[in-house]
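K.L.:
Just so you know, we're using my numbering here: the sequence shown kicks off at 1 and counts up by one.
Hint data in this document are derived by calculation from the structure and do not stem from the laboratory. Warning: the hint list may mix true and false statements.
As a list, the in silico SDA-like pairs of lysine to any residue whose alpha-carbon atoms are at most 20 Å apart [claimed, not checked]:
| id | residue 1 | residue 2 |
| --- | --- | --- |
| 1 | K213 | Y198 |
| 2 | K75 | Q47 |
| 3 | K175 | M146 |
Have a look at the derived ranges for each label pair, beta carbon to beta carbon [stated by the list, open to error]:
| id | residue 1 | residue 2 | range |
| --- | --- | --- | --- |
| 4 | R170 | E52 | 21 to 31 Å |
| 5 | R62 | Q157 | 33 to 43 Å |
| 6 | Q157 | Q78 | 10 to 20 Å |
| 7 | E64 | R129 | 37 to 47 Å |
| 8 | Q157 | S200 | 42 to 52 Å |
| 9 | Y198 | S34 | 40 to 50 Å |
| 10 | R169 | L4 | 32 to 42 Å |
| 11 | L4 | A60 | 15 to 25 Å |
No residue lacks a Cβ here, since even glycine has one placed at the ideal position from N, Cα and C.
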Amino acid sequence: MDPLILAAHVLPADNEKIIDLGCGCGIISLILASRYPGLDIVGVEIQEELAEFARQNIVANRLEQSIRIIHDDIKNLQPHDMDGEADIIVSNPPYKRRGSGRLNPDSQKAIARHEIFLDLDTLFQCSSRLLGSHGRIHLIFPADRMPDLTPAMAPYQFTMDTLRFVHIRRHEPAKLALVCARKDSRQNCRIEPPLYIYSSKDTFTHEYADLMK
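Kindly produce the complete structure, drawing on both the sequences and the hints.
P.N.:
Below you can see the structure in the form of structure tokens.
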């Protein structure tokens, strides 16, 4: 659910350059390239097996002209590795703090879920280096970890641009937060109306169903 919701909230202009940090099997990159032909997308994935899955998915969907995959740690990357600074970074980062909860014995899942190689400080530090001035980063993140976000982004000159909470049902606490932060910006944050996944009848809301089309 998370990458699908995130991809639906990224609205790039024509020919913008996008970096998909921690791209996994490439789902966000594939959605964006399919919806917005002409984008230049670079997926970055530290796990070799997932990076290879992403490459196979790109070929299977005939999107080799729009997406390329780099198998590396984002801490090693510079703008010239991507032929220049990016306009947008998208990321569905690990959502559990290092040392919190049970570490999954499957290393692939553990790296995806826990801040083993990618924590918030690293994410914003690397994003600041890879984005051009006024570039933006789109994240989906657990709502209960929102207090961690602003202190993490501030040292790297990011300010929150838009915020939208995602609720499973209308009367339940927010589960996720969709965040867009902008580099070198001082404008106020816009709070978007909440997104509800299920209606009272336990069917998808019309808005959520539309996002999945």
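K.L.:
Let me make sure I understand: some of the numbered hints might not hold for this structure. Which ones are they, in numerical order?
P.N.:
Hint check: 4, 7, 9 and 10 fail, others pass.
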